[in-house]
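A.B. asks: Chains H and P, in that order, are what the protein sequence lines are. This note's numbering puts the first residue of the first sequence at 1, with every later residue one more than the last. This note's numbering puts the first residue of the second sequence at 1, with every later residue one more than the last.
I should point out that these hints are in silico values taken from the structure, not numbers from a laboratory.
When the alpha-carbon atoms are kept at most 20 angstroms apart in a straight line, the in silico SDA-like pairs for lysine to any residue are as follows: (1) Lys42(H) - Lys366(P); (2) Lys42(H) - Arg364(P); (3) Lys366(P) - Ser78(H); (4) Lys96(H) - Gly41(H).
Covered by chain H, per the in silico footprint, the following chain P stretches (three or more residues, Cβ under 8 angstroms): (5) 30 to 42; (6) 233 to 245; (7) 311 to 317; (8) 333 to 340.
Using N, Cα and C, we set each Cβ at its ideal position, and we do this for glycine too.
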Amino acid sequence: MRFTKDHEWIELDGDVATVGITAYAAEQLGDVVFVELPGVGKALKTGEGMAVVESVKAASDVYAPLDGEVTAINDALSGNPETVNQAPETDGWFAKVKVADTAALDALMDRDAYEAFLATL
Amino acid sequence: MAEPTDLKTTPLNAHHRAMGGRMVAFGGYDMPVQFKDGVLNEHKWTRAHAGVFDVSHMGPAMLSLSAPTGDAEADHAAVSALIEPLISGDIASLKPGQIRYTILLNEEGGMLDDLMVGRYPAGAPTGSLYIVVNAGTKDDDYALIARTVGDKAKLMRMDGAALIAVQGPEAAAVVADMLPGAADLAFMQFAGGSWEGHHVMFARSGYTGEDGYEILVPPAGAVAFYERLLADERAKPIGLGARDSLRLEAGLPLYGHDADPTVSPIEAALNFAVPKKRRERGDLRGSDRILAEFGGALTRVRVGLRVLEGAPAREGAEIADGAGKIIGVVTSGGFSPSLGHAIAMGFVPPDQSAIGTRLNVIVRGKAQAAEVVAMPFVPHRYVRKP
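One chain only, chain H, in its complex shape (with noise of 0.2 angstroms):
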């Protein structure tokens, strides 16, 4: 699993990415009651808004982590939003992307770089 500084994982199998937030964005986030996902289909640039995450008080955008083409989404959050606080970095995920460059994700943070990111915050 790789990691961004906006706070998102990325698990790849073959050329297709899985994209979620992390616990700590989850947490940070609080309970969020939507969440509005990308139509199948969307091209994504990296760094573009991909999806927009809602709690109780506010909308927060999640950015694009990797160029690409969004190939499926979790449609369980528009029933159960909630799960994205308990379950974020599995059912809580959010879409599925064919990647145009897996070897972008060598620029990305592992693990323990991003513990290491967020002991800095």
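Starting from the structure of chain H, add chain P where the hints point.
C.D. replies: Coordinates of chain P only, in the frame set by chain H:
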């Protein structure tokens, strides 16, 4: 996280930080937006039990005649005559120990603030009013009031005190254990009492739609009083996040969002705060506009919206009619934890304001169906007595 360097703090600030409060800047103060349970749980706890809120950032003050005669009725009439020219309400008719929600007006009939004005109970110095205004507006409000009353009355601010709200169905029981006189009050009454040697003022009022109290505690007793409240297992600390979602469900406007200097009390659907006596006397600031609007010459009015699909519509989201024409804007909105769906307040033209009118809210470029509904969204549970 907001550092408190250039922010003001309340007497309970260190306590909030020690309790794990997530601190944010609000109205110039370093305040807890939530505690460890989170906004959703804090909201639900308040609706079911008793939520304890630090609202010391607000501006409590006492306005007192400089030269009272000692005749309670004459002195109350005199101090009322000093404040009424600035506000929309009828203060002269307040009975001892009664509080009223009212509006500070500008010359155009717009809202400079909304505030509480109370007549001190019997036993207090005659010709004195208790006033509580909003945090972000208090300096301007008090400058205007002080300038207007001149040397006829003195305004004593009580900024250093703690103002603590206890709200929810178990609030009365929690407070009665500490302040035996509290149970005797009805909604919008207040009294003074003693707690562990500290003189406190307590009002049966609040900003959640629940029964409860707002209690003014002197600085020396503030932390001890707050800790005693929280020692009761029915009570939990609640942050500003849940305070906002609770007041939204209660249909109560938030100054600076649902009301501002361009908005009149009639546009804000606060007609009850402009009583007949003041309309007939026609001596309100901005009277011409307010009376015309009261008579129906209105271009926008605050309504409640139920968002029927999609994301919560928040402040700034546009409101469109069925044909796609933009007709208004959301001024407060979010997810209602009690109802389980999104709700909002916003301004629309009167001919689109009837209950049941289907509209759209525009969230991130997408039109989502919404419907005008009655406020409060969640029924008030105030304790009124015959």
